[in-house]
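Number of protein chains: 2
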Amino acid sequence: MNPDIMKERQNATFNIEKLTNILDGGPEKTKRRREIESMVLSDPDFQEEDQNFLSRSERYDQAVRKSAQMILKLREYGIADPEEIYIYKKMAQGNCHEAMGLHFVMFLPTLHNLADPQQSKKWLPPAESFQAVGTYAQTEMGHGTHLRGLETTATYDPATQEFVLNSPTVSSIKWWPGGLGKTSNHAIVLAQLYTQGNCHGLHAFIVPIRDMNTHKPLPGIVVGDIGPKFGFHEVDNGFLKLENVRIPRENMLMKYAKVEPDGTYMKPPSTKLTYGTMVFIRSLIVGESALALSKSCTIAIRYSTVRHQSELRPGEPEPQILDYQTQQYKLFPLLATAYAFTFVGKYMRETYHRISGDIHQGDFSELPELHALSAGLKAFTTWAATSGIEVCRMSCGGHGYSCSSAFPDIYVNFTPTCTYEGENTVMMLQTARYLVKSYRQVKAGQQLSGLVSYLNEPKQRIQPQTVAARPTVVDINDLASLVEVYKQRAAILVELAAKSIQQELQHRKSQEDAWNNSSVDLVRASDAHCHYVVVKLFTDSLGEIGDIMIHSVLSTLALLYALHGIKNNSGDFLEAGLLNVPQVHQTSVRIKELLNQLRPNAVALVDAFDLHDKKLKSVLGRYDGNVYENMFEWARRSPLNATEVHESFHKYLKPLRAKL
Amino acid sequence: MNPDIMKERQNATFNIEKLTNILDGGPEKTKRRREIESMVLSDPDFQEEDQNFLSRSERYDQAVRKSAQMILKLREYGIADPEEIYIYKKMAQGNCHEAMGLHFVMFLPTLHNLADPQQSKKWLPPAESFQAVGTYAQTEMGHGTHLRGLETTATYDPATQEFVLNSPTVSSIKWWPGGLGKTSNHAIVLAQLYTQGNCHGLHAFIVPIRDMNTHKPLPGIVVGDIGPKFGFHEVDNGFLKLENVRIPRENMLMKYAKVEPDGTYMKPPSTKLTYGTMVFIRSLIVGESALALSKSCTIAIRYSTVRHQSELRPGEPEPQILDYQTQQYKLFPLLATAYAFTFVGKYMRETYHRISGDIHQGDFSELPELHALSAGLKAFTTWAATSGIEVCRMSCGGHGYSCSSAFPDIYVNFTPTCTYEGENTVMMLQTARYLVKSYRQVKAGQQLSGLVSYLNEPKQRIQPQTVAARPTVVDINDLASLVEVYKQRAAILVELAAKSIQQELQHRKSQEDAWNNSSVDLVRASDAHCHYVVVKLFTDSLGEIGDIMIHSVLSTLALLYALHGIKNNSGDFLEAGLLNVPQVHQTSVRIKELLNQLRPNAVALVDAFDLHDKKLKSVLGRYDGNVYENMFEWARRSPLNATEVHESFHKYLKPLRAKL
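Chains as they are written, first to last, in my numbering: chain A, 1 to 660; chain B, 1 to 660.
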């Protein structure tokens, strides 16, 4: 163990294991998690080569092998609980993705949700025994967010009782689905249904795309890999061009909508049936943001205690770089954010499960708020984590660029969350739509409940006022007071956005143009709402923590999170008259004090995430702090070092001399 | 040509070619640039495969081939002017780097600067004919920014008149030099010089590392590639471990410092001899920031006019995504930034050349300011460009993640500028040191000149005041007035940082601790100084533009740049009492108007950068806008599509079925 990092752990003021237990949800949960993780650790089948040393084809090969292994081992160990499966897979995958991910996340769930009993009987057994490996083909080359714009067609032919599927244009080619390029032999294809001369909108169809035995593409199927990407190297995101592909009528998923043998269309009883899954996945992404930031902070903070550089005081040895205020200022607010998002992610999962229960009992009342919240928080947390990972990476100097740091993999495999499952700006605008609607309800005399209930409170301001005009009662050292000030900021910015729309309408703009011309304000309002929710939920979580020392250090983190957010958005708080200039100045001073206060606990706080070295896969972030010798070992395995002399010397460099 | 993008060009209010001429520095320069670029375009030797489809070893191979080709062709064409060589190489390299870059940028210049006449005679001919291919080995695994911390030793042995070089620890292994891993047979090694029992600090030594004929590593040399990185895939950044490597005394570069045969050390007349090169490279990086942002804006803006998505008005066709206010709000401020940095980069190059002239005539007076400015602007512009590239990428939805967009390459190959040639936070603190020193000079009664002369002006404020207390005279529609307000912000933040140091000293902190405890404020002051300089230089550049229409559109861009910066830092301006709340509110409104105003010229403004498709290498950013058909073509060339069925099916998926 590196002596510097050992000393850090000795200096911690709280019991690390106890904090880990809190994060896991109890000591038994920690124990079980470690049990599951050790199944991977001790398994020789998972002792594979670093994927950074492999070609893309080899990475894909490794991922498929791992997918197959995981299926077998999970059955062997009898692990069936979704949470435990998640733990197992995360450990086995490190910073990479699952080759067959969409089979589990979309193909099987869609069969469960949209197949009628007969279809279930036909398709679930082969899907669950991986005879049928599937993906979910919705996105097209020219169409993502706006589902009604999808162009793929499924035209019913009553003569043969088949659907004929086509990609009528280049932009209609299915594009991006994971596992589509090489892995899957089936795809659930979303297509515009045509029957009896009418279009009935998007429906889902089971389309066999490869021969079950030879795995060769079937007639009319043009399928392949969409090429190298930023991240997801090991996943075969694919394209699919359909050329008069015929499938039997029974391959349309008919639990709700149906097409009769004669071509008569029967519409589904309700249209919002996939609402829940979307909300669930977005809620999960909040947790992924927390994980990505936790990993990044673990690596950067551990390395910053091992790394010595420059001099603070002449003649003294080079200090640990974590002793530089600028380094603390980069990393500790992100550490606070990682904790904030961890608690928010937990809240989202719990709320989802609670509301799911309500929904099963026919109570949909809380769904719209959760839908709006999951959209906004998905955007808010993924944006923050994406930029945060890069701050952590760059705080490690040159070595942050080396793949041995794991930062390149963490970044490129996380940043897509900003785009998939709902593009972030679109997500923010969805939340804004809910906020503006809520605001109007209040104006119309309704009383709101839930997290938007602050819109009920009377506001004196309509126009922004001068700062001096408002008496200030905020205590910047009191979390409850800061929650209040974030809440008021959100209320004011929602009002500002709503008024912007109103003003545009008064200038005789249409509803749609008024919305578009206010969309920058709307995103700002959503952002403020999400920020308030995060500060509030982080603060609320502290109430559940009994251990005094842990409560104290987490309170410091929460305070830092709240004050740092104020500093970064001080214009909002000043503009709204919620804080005055001396308070904003005091915020800066207080932040510096909090950095000092957190310094001795920094390593302990990242240790508490309990991210095993094998999961982190970072030489810089090693638990034992033995960075340099291991970096040398890692580099020597670089494929370019397989030969002493690269062939390019003989091919180009030596001949060059002769030509000059 | 895609009709949407054609219409955009027809709608432009100015002559694109004329703006291109301004950016190039005159129509003749444009003509010559295009001549040079077409030498690459028409050359079959540069029609190579997209590097994204190659393994790392193949990418390196391709880069070495290209390096050798460029050397031959530049001689063949008689291109010797550094600016023209730069144009040629940029065109040939696209978004990649040169395998032998350090030979040209560091090895040859160091020989020129530090070799005595005899050494020049010995080493320059083989280096210029590529018998000796070299690199510059300064950074060690554990030591970057702080040069005095370097551990490599060169100990003089008078008995044999040799230096004995050693890497005494793991952390002393040379790490990161480009071209060191596989390409170079020589390295200029920076090492602590020991002779007659004394250490005389860092000196440069020519160390042969590979056999000139076989290219095999020489005895005592442990050399190799440091492994895969975030970017620079085609470059063999390397490690070098020296184990009692003996080189003749004459291999120490002895233009200034010397070691006599008996071991007597003769120190150099001056110690700041490499100052100039550093300043020059940092100044160049400002231009690289402009280029990276120009490329990114070109891709994102062109694609945003071709891409239709969702609906603004029900029943109407899907609008171009550039018509969404949120999209304009993402991209147009970055477009303004790209122009701002282009003009600043030009200023920095010109200033460097002017001051170089002065230096040759013995006038060093302007060097400290340029040194401080180049450090700060290097950090300011690379940070802005790094985050800006990612905003552009994410504004393109899913396709921004595909390597066919070129964004992944642009990002990973640009972001290292935040770290190399001086880590950005360290750079900001260097600028801050100059600013605080200047501030203290004013306090001591001195009169400053140059860009920091604003510190001469009397300031009424010492403590931040309430906003209402200060009468406002700022006109947010007037650039001169905005330059003034940025200047005052800088002055106030420099003062604030200086006062923070003073307060820390009053609390009996040492100078060093006071500095460290104020470093967050110091970075903020530097940032404000750089921001002021950019706004000022952009505004100044407009004065030189005669064409009315171009002057008008660039003025709009400059205004947007200035107002967007105010909006993003509104807390600073409010806190300092430089703007009042209604003005900040008005800034937001004005920005939205400017977005509208720029909309018709957006494509024309990126066209004016005149980045040839072959240089941009982006399917999304194609000049003709024919994105989708070309993306399909590109994807089909993905190596994973070389076979219909990937071997992993037979290896893992088929066997899996049998096991279940």
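What the hints contain is simulated information worked out from the structure, not anything from laboratory work. We put the beta carbon where it would ideally sit given N, CA and C, even for glycine. One thing to keep in mind: the hints can contain errors.
Short, incomplete list of chain B residues facing chain A, as computed with Cβ under 10 Å [as the list claims (entries may be wrong)]: (1) 96; (2) 104; (3) 124; (4) 173; (5) 205; (6) 404.
Cross-check of the supplied hints:
1. Evaluation of the residue 96 of chain B hint against chain A yields a violated restraint, the C-beta minimum of about 14 Å exceeding 10 Å.
2. Annotation: interface hint on residue 104 of chain B violated; nearest CB of chain A at approximately 14 Å, more than 10 Å.
3. About 14 Å separates the beta-carbon of residue 124 of chain B from the nearest beta-carbon of chain A, more than 10 Å, and the hint is not met.
4. With a cut of 10 Å, the hint placing residue 173 of chain B at the interface with chain A holds, because the nearest CB-to-CB distance is about 6 Å.
5. With its C-beta approaching chain A no nearer than about 22 Å, residue 205 of chain B sits outside the 10 Å limit, and its interface hint is violated.
6. Interface hint status for residue 404 of chain B: upheld, as the beta-carbon distance to the closest one in chain A is roughly 6 Å, under 10 Å.
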